[in-house]
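Protein chains: 2
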Amino acid sequence: MIKKVTIKDVAHIAGVSVSAVSRVFNNYGDISEETRKKVYQAAQILDYTPNNAARQLSSKKKRIIALILNEINVTPGVAMPLEILGGVNDYLDKTDYEFVFYATNSNKQKQKSLKQFCSERDISGLIIQGLRVTDPYYEELKNFPLPVVAIDLLLQNEKVGSVSIDNQAAAAEVTTRLIKAGAQNVLFVNGTKEAIVSQLREKGYRSATRNPKVIYAEFSEEFAYKMILNYPSLESVDAIFAASDLMAIGIIKALRERNINKKIAIVGFDDITLASYITPTLTTVRQDIKKISQEAAKDLLLQIEHGEIKKHTVPYAIIVRESADI
Amino acid sequence: MIKKVTIKDVAHIAGVSVSAVSRVFNNYGDISEETRKKVYQAAQILDYTPNNAARQLSSKKKRIIALILNEINVTPGVAMPLEILGGVNDYLDKTDYEFVFYATNSNKQKQKSLKQFCSERDISGLIIQGLRVTDPYYEELKNFPLPVVAIDLLLQNEKVGSVSIDNQAAAAEVTTRLIKAGAQNVLFVNGTKEAIVSQLREKGYRSATRNPKVIYAEFSEEFAYKMILNYPSLESVDAIFAASDLMAIGIIKALRERNINKKIAIVGFDDITLASYITPTLTTVRQDIKKISQEAAKDLLLQIEHGEIKKHTVPYAIIVRESADI
DNA sequence: CTGAAAGCGCTTACAG
DNA sequence: CTGAAAGCGCTTACAG
Chain D
1 MIKKVTIKDV
11 AHIAGVSVSA
21 VSRVFNNYGD
31 ISEETRKKVY
41 QAAQILDYTP
51 NNAARQLSSK
61 KKRIIALILN
71 EINVTPGVAM
81 PLEILGGVND
91 YLDKTDYEFV
101 FYATNSNKQK
111 QKSLKQFCSE
121 RDISGLIIQG
131 LRVTDPYYEE
141 LKNFPLPVVA
151 IDLLLQNEKV
161 GSVSIDNQAA
171 AAEVTTRLIK
181 AGAQNVLFVN
191 GTKEAIVSQL
201 REKGYRSATR
211 NPKVIYAEFS
221 EEFAYKMILN
231 YPSLESVDAI
241 FAASDLMAIG
251 IIKALRERNI
261 NKKIAIVGFD
271 DITLASYITP
281 TLTTVRQDIK
291 KISQEAAKDL
301 LLQIEHGEIK
311 KHTVPYAIIV
321 RESADI
Chain Z
1 MIKKVTIKDV
11 AHIAGVSVSA
21 VSRVFNNYGD
31 ISEETRKKVY
41 QAAQILDYTP
51 NNAARQLSSK
61 KKRIIALILN
71 EINVTPGVAM
81 PLEILGGVND
91 YLDKTDYEFV
101 FYATNSNKQK
111 QKSLKQFCSE
121 RDISGLIIQG
131 LRVTDPYYEE
141 LKNFPLPVVA
151 IDLLLQNEKV
161 GSVSIDNQAA
171 AAEVTTRLIK
181 AGAQNVLFVN
191 GTKEAIVSQL
201 REKGYRSATR
211 NPKVIYAEFS
221 EEFAYKMILN
231 YPSLESVDAI
241 FAASDLMAIG
251 IIKALRERNI
261 NKKIAIVGFD
271 DITLASYITP
281 TLTTVRQDIK
291 KISQEAAKDL
301 LLQIEHGEIK
311 KHTVPYAIIV
321 RESADI
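These protein sequences, in sequence, are chains D and Z.
The first sequence begins at 1 in the UniProt record's numbering and counts up one residue at a time.
The second sequence begins at 1 in the UniProt record's numbering and counts up one residue at a time.
Be a bit skeptical, because a hint or two may be false.
Same chains, same label: a pair holds when it works inside one copy or across any pair of copies.
Stated by the list, open to error - Here are the simulated DSSO-like pairs of lysine-lysine, each with C-alpha atoms no more than 27 Å apart in a straight line:
#, residue 1, residue 2
1, LYS310, LYS253
2, LYS310, LYS115
3, LYS213, LYS180
4, LYS262, LYS213
No lab work stands behind these hints: they were computed from the structure.
Generate the whole structure from the sequences, applying the supplied hints.
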């Protein structure tokens, strides 16, 4: 058990009042150099650290940002949530906001509303990622009383900020480049209809081709693998564009097994680590997750402090590797 | 701004005292069914959630577990911290402990001691991972006043619990099996001398071979790649055992470029996702991180509640793939 | 520049 | 079974 040192102890040792100590620790201007020194010394001696809970409770201005990650462990091998965590955390470390991490899933969402979470923790704003349109929190965000920045999620609600790449443009560009490179028929293997990113990527794809063909593989390598293994008319497909690298990997596996004797170009999406390690290395759309998450944090602070709400788009890059020369 | 609903409001609406409301929310036994009902109704109507900070401040029994992850974003592509996060979080979700996540690094460690962190957040116990022997927190843990379980880190301090695989035994087994499979000379590519896991793996390796040869590659793919590319006497090496998969991958790349005309068996460590995707697929030692992190959480609660301290070992598995038939 | 005091939203002996 | 009251460790008007 740590023996609790409180502000009173410090005040006592320093020979000043409790309020003086508080002012010193909060860097108020109206404190004499002498008092400041005495307080620091006393704090030093006692190894004092102000208690967070008490601070939160008594202070008007709470400065706590929550990062909410949905379905954190569905796809082992994809480190995106970790990158977001790191990015947001790093950014917030440089500010005087507290950082709180919260992992959720559709089940937990049913038990506790976003608002409940926020009010029990005194949250002043949040960054949220991984929500599907079927999630309770998605519904709740449509009208939410706190500043929010969503990653990879565009809401009709104009009061919710967002940061992501331009998914539609990226998908359109990939499709166009595939076609230019000679692919007459590009098959689009999408994730799920429920994910906004899927919807946008599909939109981009459809805008770029005259004969769209779309199938859905739940963002799962396994699913994509099976679907392509059993895909009836592969002869009429010159290229496959997958809405995630993981699905692209499943597709590559399936094609290898089917032993198709023409070359089918494959493009993925995300540029996960695997993309540059598999054979053939994967052409894909890179998202700079680090950048996205830092921008999200930055935008949130802007929203909290100045009420500025941004729908923010971050550049993407098409990384050309062996699987498709586009 | 969320309008704050407090316990007073609930008490008022329910027509009972504040203490009655508190008792209901804390599931005390001595409450009449009637009061309970009135309180629930009022809470329902007002959409009341108890405030965490106030609870923490006033309650004797704090129940907050911190997960401290060190150097979270050094190795992109390795999702281990994420798995730990998920594992601990999942386990704690089933208990009535709060979960707090904290990312640190050697720089932050210098600014704020572990004890400071714990007392400012009212932490009652912690799980810590990724520490190196050169980290300030490593020093601090040698004599720490709170329950701690370390992952992948054995401290001389018998009051600190730990969970990991038996690194030494695993390394010994791999080495022995390589030798049995015909490798006369096994080169061990270790991580850093500062990591306890490196020390243990090296110990295991040395215990199993008569002519040990060890080099250090900082757990870096790049380093390992370069070291093997320039390794002078590769003719006398039949097998290479790397202390991490990432290094093994670097080694594979280097060997491919050097165009060695004998087959050198490669074994890695960790079984990261990449291991089963690269060519050749990698023989390696699997750690069940999910399991390790859940056991760590479980052990910590045991320690907090019953003072039981465990040095806990979890089974490992040797996964044989193409890179080494052992 | 400084201190006394009220208050933040809870919990928990205590008395009844 | 219930309520009044003290207290948790801070912050912040307020008065001087």
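Find the hints from earlier in the document that the structure breaks and name them by number, from lowest to highest.
Checked against the structure, the only hint that fails is number 1, while the rest are satisfied.
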